[in-house]
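Residue numbers (my numbering), protein chains in the order written: chain A, 1 to 144; chain B, 1 to 102.
Just so you know, the hints here were simulated from the structure itself, not pulled from any lab data. All C-beta atoms, glycine included, are put in the ideal place defined by N, C-alpha and C. A few of these clues could be false.
[Said to hold, decoys possible] Quick look at which bits of chain B chain A covers, simulated, 3 or more residues with Cβ under 8 Å:
| hint | region |
| --- | --- |
| 1 | 1–15 |
| 2 | 51–59 |
| 3 | 74–87 |
[Stated by the list, open to error] For lysine-lysine, the following BS3-like pairs were computed, each having C-alpha atoms within a straight-line distance of at most 25 Å:
| hint | chain 1 | residue 1 | chain 2 | residue 2 |
| --- | --- | --- | --- | --- |
| 4 | A | 48 | B | 51 |
| 5 | B | 57 | A | 55 |
| 6 | A | 100 | B | 57 |
| 7 | A | 117 | A | 55 |
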Amino acid sequence: MYHTFILPDAEQVIREHGEKDFPDECVGFLYGTDSAGERIIRQAIPIKNSKEGDKRRRFEISPLDYMRAETYALTHQTTLLGVYHSHPQHPAIPSEHDLKQALPFFSYIILSVLDQKADIIRSWRLNEASHSFEEEPLAIYAAL
Amino acid sequence: MATLIIPTPLRKYTEDQATFSTGAITVNDAIQELTEIYPNIANHILDGNGKVRSFIKIFVGEDDIRSLDGGETVLEDNAVVSIVPAIAGGMSDMYQKIMLWR
Chain A
1 MYHTFILPDA EQVIREHGEK DFPDECVGFL YGTDSAGERI IRQAIPIKNS KEGDKRRRFE
61 ISPLDYMRAE TYALTHQTTL LGVYHSHPQH PAIPSEHDLK QALPFFSYII LSVLDQKADI
121 IRSWRLNEAS HSFEEEPLAI YAAL
Chain B
1 MATLIIPTPL RKYTEDQATF STGAITVNDA IQELTEIYPN IANHILDGNG KVRSFIKIFV
61 GEDDIRSLDG GETVLEDNAV VSIVPAIAGG MSDMYQKIML WR
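Extracted from the complex, chain A is given alone in its bound form (with noise of 0.2 Å):
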């Protein structure tokens, strides 16, 4: 089982940019370390829902911001490890668009918005083998 840690100044950023954009769904990129099997996210950054058409219920990312994502990653010795959308007004678990799209490694962190209230954060990664998604568990980092 993979560990997934993630900062709180990180989680807060998913958090209020899925409130910012309901009833929209929100996304963006995931950056921080992975090394012997754990994972701490340390930097969440909002991009634009570049989905033309119903961005209440589907959201894409655009070639360009994904190249500038590694760009960013290599210039600031960070790993891009992943992307964070919500699904306003349902529940924090993957659809059978996510899955079509997964790319092995990375995270899929998804918040459930509700209400325009920020409610479950949850995270997910592909297994390959089965072609599904495994949660992993999502934990606050806590530096000691």
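Take the given structure of chain A and dock chain B to it, following the hints.
Using the frame of chain A, we list chain B on its own:
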């Protein structure tokens, strides 16, 4: 030399290397060189005909090669080539129907 940036989801196929340096003249040559050195990445970038898969975009600098000369785009010295996977998703159609019923 040009530099290819490998997206993190594909780095398991490049022995965790984030970048790949190449003296290739064109984008196609650079990708061919990459897949020769790291054969396991080929299937994730190219289709059975050796063409870049539809859900992968290739950028040189900030330009999608489709707006340049495609795979024949010439790589100038210090060019940065990015391999960009598609990222999209959204809520389940099933939940969407439930919401409409409410």
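Structure-based check of all given hints:
Figure legend: the region 1–15 of chain B, annotated as covered by chain A; annotation consistent (6 residues with Cβ-Cβ distances under 8 Å, at least 3 required). Residues of the region 51–59 of chain B lying with their CB closer than 8 Å to a CB of chain A number 3, which satisfies the three-residue condition for coverage. With 6 residues carrying a beta carbon less than 8 Å from a beta carbon of chain A, the region 74–87 of chain B meets the three-residue requirement, and the given coverage holds. Only pairs whose Cα atoms come within 25 Å are accepted, and residue 48/A paired with residue 51/B is rejected, the gap being roughly 29 Å.
Using a Cα cut-off of 25 Å, the hinted pair residue 57/B and residue 55/A holds, with the two alpha carbons roughly 23 Å apart. Of the supplied pair hints, the one linking residue 100/A and residue 57/B holds, its CA atoms being roughly 17 Å apart against a limit of 25 Å. This hinted pair checks out: residue 117/A and residue 55/A have alpha carbons roughly 18 Å apart, not beyond 25 Å.
Hint check: a violation occurs at hint 4 only; the rest are consistent with the structure.
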